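Trainee: Residue numbers (this note's numbering), protein chains in the order written: chain P, 269 to 363; chain U, 48 to 245.
Bear in mind the hints are in silico, worked out from the structure with no lab data behind them. Worth double-checking, as some hints may not be accurate.
Stated by the list, open to error - With beta-carbon atoms standing in for the labels, derived distance ranges:
no. : chain 1 : residue 1 : chain 2 : residue 2 : range
1   : P       : Phe-308   : U       : Ala-127   : 45 to 53 Å
2   : U       : Val-143   : P       : Phe-355   : 35 to 43 Å
3   : U       : Ile-70    : P       : Thr-322   : 17 to 25 Å
4   : U       : Glu-166   : P       : Lys-332   : 20 to 28 Å
5   : U       : Ala-127   : P       : Gly-354   : 41 to 49 Å
6   : U       : Val-144   : P       : Phe-355   : 45 to 53 Å
Stated by the list, open to error - In silico DSS-like pairs for lysine-lysine, Cα to Cα no more than 30 Å straight-line:
no. : chain 1 : residue 1 : chain 2 : residue 2
7   : U       : Lys-156   : U       : Lys-58
8   : U       : Lys-58    : P       : Lys-332
9   : U       : Lys-129   : U       : Lys-58
10  : U       : Lys-58    : U       : Lys-128
11  : P       : Lys-332   : U       : Lys-156
12  : U       : Lys-211   : U       : Lys-58
13  : U       : Lys-95    : U       : Lys-156
14  : P       : Lys-332   : U       : Lys-95
15  : U       : Lys-129   : U       : Lys-211
16  : U       : Lys-128   : U       : Lys-95
17  : P       : Lys-332   : U       : Lys-129
As the list claims (entries may be wrong) - Chain P is faced by these chain U residues, among others (derived, beta-carbon under 7 Å):
no. : residue
18  : Thr-106
19  : Trp-153
20  : Leu-232
21  : Ile-235
22  : Phe-236
23  : Leu-243
All values reported here derive from a predicted model rather than from experimental measurement. Built from N, CA and C at the ideal position, the CB exists for glycine as well.
Letter by letter, the chains look like this.
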Amino acid sequence: MENQDKQHVLSFTQLGMVLAILLVLTGVTVGVSYIDMGFFNIPIALAIACTKVTFVLLFFMHLKYEGRVINISFISTVLVLVILIGFTFWDVAYR
Amino acid sequence: MSSQVDRAGIKLGMWLFLYSEIILFGGLFVLYAAYLHRYPEFFAEGGKELNRVIGAVNTIVLLISSFTVAASITAIQRNAKKQAVGLLLFSLFCGVVFLVNKYFEWGAKIHHDIYPNSETLVAGEPGVNIFFGLYYVITGLHGLHVIIGMALLSVSLIFVLNGKVTASRFSMLDNSGLYWHLVDLIWIFVFPLFYLVL
């Protein structure tokens with residue numbers, strides 16, 4: 269029955285460490301937002317958010333342990349999103 | 048139960064659905080990006096109206112609940128049913144805390160005459176109006192997802208109690224967990240973009 273794929277079990281300690289990283293990064297975003305860096309505030313906030321999201325995806329959502337089909341389809345979705353947001357913003361910003 | 052469970056297929060199906068959700072929220076973030084570019088100072092003004100403390104608390108609550116959902120899957124894989132039940136109950140509690148916070152947050156905004164089509168917003172700057180319009184649409188849609196996620200987790204909890212979700216067959220819990228993490232992912236972007244814009 270259990271022949272097709274062995275399930276990867278993440279230990280509580282591993283999950284707890286991911287949570288700790290996420291909480292620290294939340295603190296960093298809040299802290300950084302008090303420093304006025306003009307234009308750079310938003311890219312920095314987004315970079316931290318992307319880092320947090322990566323941790324959630326890789327460990328909480330097990331993406332690190334999935335097969336090729338899910339990995340490739342996920343990356344394709346992110347690319348579509350990048351094109352959707354990037355190109356629209358580009359058009360609006362440099363019109 | 049002679050038929051084999053296609054676990055990979057079940058999971059891929061769930062991910063395909065999650066992709067559509069990502070694009071759905073992506074579309075709303077396109078609007079955010081375009082209008083932020085047009086009205087940066089009014090977005091900052093609107094962002095200052097939002098309560099950072101409630102936003103931060105809700106972020107922490109969602110992160111912790113994501114952890115407990117992931118941990119409940121580990122527990123069920125190790126056959127620790129009671130632990131899994133406890134962790135799921137705690138996750139549901141976090142969901143309730145999030146929604147209660149949201150209720151008070153929206154309540155305070157509505158009390159200050161800040162809601163779609165309110166006089167203050169309609170008569171005021173269009174930039175601020177758009178900021179709060181996006182705020183209500185995105186956090187509202189996100190809140191709806193929290194409610195759906197809680198419903199899915201409750202069903203999974205019942206299945207765990209019934210013995211329908213077990214160490215050898217836990218796709219229902221796994222997929223509900225994925226949905227719950229997606230809700231968390233979206234909030235990770237909503238929090239800095241709405242509450243922390245300068």
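Trainee: Next step is simple, just say for each hint if it's right about the structure.
Mentor: Going down the list of hints, with the structure as the test:
| no. | hint | verdict |
| --- | --- | --- |
| 1 | Phe-308/P / Ala-127/U: 45 to 53 Å | 46 Å, holds |
| 2 | Val-143/U / Phe-355/P: 35 to 43 Å | 40 Å, holds |
| 3 | Ile-70/U / Thr-322/P: 17 to 25 Å | 19 Å, holds |
| 4 | Glu-166/U / Lys-332/P: 20 to 28 Å | 51 Å, violated |
| 5 | Ala-127/U / Gly-354/P: 41 to 49 Å | 45 Å, holds |
| 6 | Val-144/U / Phe-355/P: 45 to 53 Å | 39 Å, violated |
| 7 | Lys-156/U / Lys-58/U | 40 Å, violated |
| 8 | Lys-58/U / Lys-332/P | 14 Å, holds |
| 9 | Lys-129/U / Lys-58/U | 25 Å, holds |
| 10 | Lys-58/U / Lys-128/U | 22 Å, holds |
| 11 | Lys-332/P / Lys-156/U | 41 Å, violated |
| 12 | Lys-211/U / Lys-58/U | 18 Å, holds |
| 13 | Lys-95/U / Lys-156/U | 12 Å, holds |
| 14 | Lys-332/P / Lys-95/U | 38 Å, violated |
| 15 | Lys-129/U / Lys-211/U | 14 Å, holds |
| 16 | Lys-128/U / Lys-95/U | 45 Å, violated |
| 17 | Lys-332/P / Lys-129/U | 27 Å, holds |
| 18 | Thr-106 | 5 Å, holds |
| 19 | Trp-153 | 21 Å, violated |
| 20 | Leu-232 | 5 Å, holds |
| 21 | Ile-235 | 5 Å, holds |
| 22 | Phe-236 | 5 Å, holds |
| 23 | Leu-243 | 4 Å, holds |
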